[in-house]
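Asker: Sequence:
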Amino acid sequence: RKSHWKQGRRMALVTKPTSTGTSIENVTDITNNLPTLQFESALSEDERLLLPLRARTHAITVTACAQAAYFVSILNEVRQIKAELRHPKQKRAKLLQETIPRDPILVGIIGCGRLGTHLAQMLLTYGEVQPQELKISTRRPETLVELQDKGVKCFHDNVLLASSVHLLFLCVLPAQLPSLAEEIKPHISTRCTIYSFVNTIHTEKLKQLLNFTNIVKPEFTWTEDNCNTAWDYTCSVCASMENADTVRKTCPLTQDKNACPIQTSDKLPELLVYAFINMCTTLRLTRSEIVDLINGVVLGITSHDIKGIVADDITRVAVDSAGLFPKFDLTQVAVKETSLGKKLSQDKEIRHSYITRYCTLFEQYLHWKNFGKTE
1 RKSHWKQGRR MALVTKPTST GTSIENVTDI TNNLPTLQFE SALSEDERLL
51 LPLRARTHAI TVTACAQAAY FVSILNEVRQ IKAELRHPKQ KRAKLLQETI
101 PRDPILVGII GCGRLGTHLA QMLLTYGEVQ PQELKISTRR PETLVELQDK
151 GVKCFHDNVL LASSVHLLFL CVLPAQLPSL AEEIKPHIST RCTIYSFVNT
201 IHTEKLKQLL NFTNIVKPEF TWTEDNCNTA WDYTCSVCAS MENADTVRKT
251 CPLTQDKNAC PIQTSDKLPE LLVYAFINMC TTLRLTRSEI VDLINGVVLG
301 ITSHDIKGIV ADDITRVAVD SAGLFPKFDL TQVAVKETSL GKKLSQDKEI
351 RHSYITRYCT LFEQYLHWKN FGKTE
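Under my numbering, the residue at position 146 of the sequence shown is numbered 146, and the numbers go up by one with no gaps.
Everything labelled a hint here was simulated from the structure, so no lab data went into it. One should not assume that every hint holds.
Keeping only pairs whose Cα atoms sit at most 16 Å apart, straight-line, the calculated EDC-like set for lysine to aspartate or glutamate is [stated by the list, open to error]:
{"hint": "1", "residue 1": "257", "residue 2": "245"}
{"hint": "2", "residue 1": "257", "residue 2": "219"}
{"hint": "3", "residue 1": "153", "residue 2": "142"}
Between the sequences and the hints, there should be enough to build the whole structure, so can you do that?
Answerer: Listed below in structure tokens is the structure:
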């Protein structure tokens, strides 16, 4: 079931020494306890002032990729639930059942530099994405040998990619976005969700460039007060998520915002839920079905003692004849206060449920790994 997980992992060779001594992982670091061979030894005093940028950059990359993996995972889960409803299991024998057809979310990444590569690895490891369900368009596909060897389709055709995926990640430079938008905007499916990692280009500008409204844009901030917050940047991006403390820090609704070098806007969980609703609506799921899926899949609420999200938290618009939600403009959600946003950020039980569900995704991987399920 998780055979692709081990292939997608990149284990770190070293970790920071603990206060009780050198860890087993550090045995492979030949520069350990040799200060003159450390990276910092060659820096001037002025350059040392920039060291917090290493932790911050690593924290942003890990956090952005982890949150994207969570989003892809819940989208895959709801599509599989829909597939199971459409194809009830038929017993072939007493103990054998037919395999449920997989209806995966098709994912595309445009731009595969440092961030795009880390994102691809994270999705393959934690996002329930199989290699054949991931496409990457980049100007130099020949450099992605490792991903291609796993079965990921890598090529240079932005139009082909944009027209053939359910979820499109933009990982290009800001200067490249205008020409890219002009190229792909006539070909983006109305069923697609765009998830942008393009710095400095805000949601409203993305809407204008792409002539599209189903856009998720995470926002990260930091302050001078937490620039020296402890963060282990020696691990690879994927391996960082094997640390429970790191997992909790990357959750957008984490309780202790000052425990991480960077903070995610509380708007992101709200945007992800509305994007989740939009995709469910394209699958022709009704309002009541979607509300149940939000509580069960997004929040992981299983107890009737917890009052989860209700339809009125999402919209007060009257139910149409088909019983469906309207298509929500995510660019408007990004700039307006909503009842759903307030409930996600202010309701302690719902906030706790979101955090627990988020962390469970990564904890489950470790559980499968430890019991040999990823072999």
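Asker: Determine for every hint whether it applies to the structure shown.
Answerer: Against the structure, the hints come out as follows:
Note on residue 257 and residue 245: the hinted pairing holds, with a Cα-Cα distance of about 13 Å set against a maximum of 16 Å. Among the hinted pairs, residue 257 with residue 219 is consistent with the structure: their alpha-carbon atoms are about 14 Å apart, no more than 16 Å. Restraint check for residue 153 and residue 142: satisfied, since their Cα atoms lie roughly 11 Å apart, inside the 16 Å limit.
Violation of the numbered hints given earlier is absent; every hint is satisfied by the structure.
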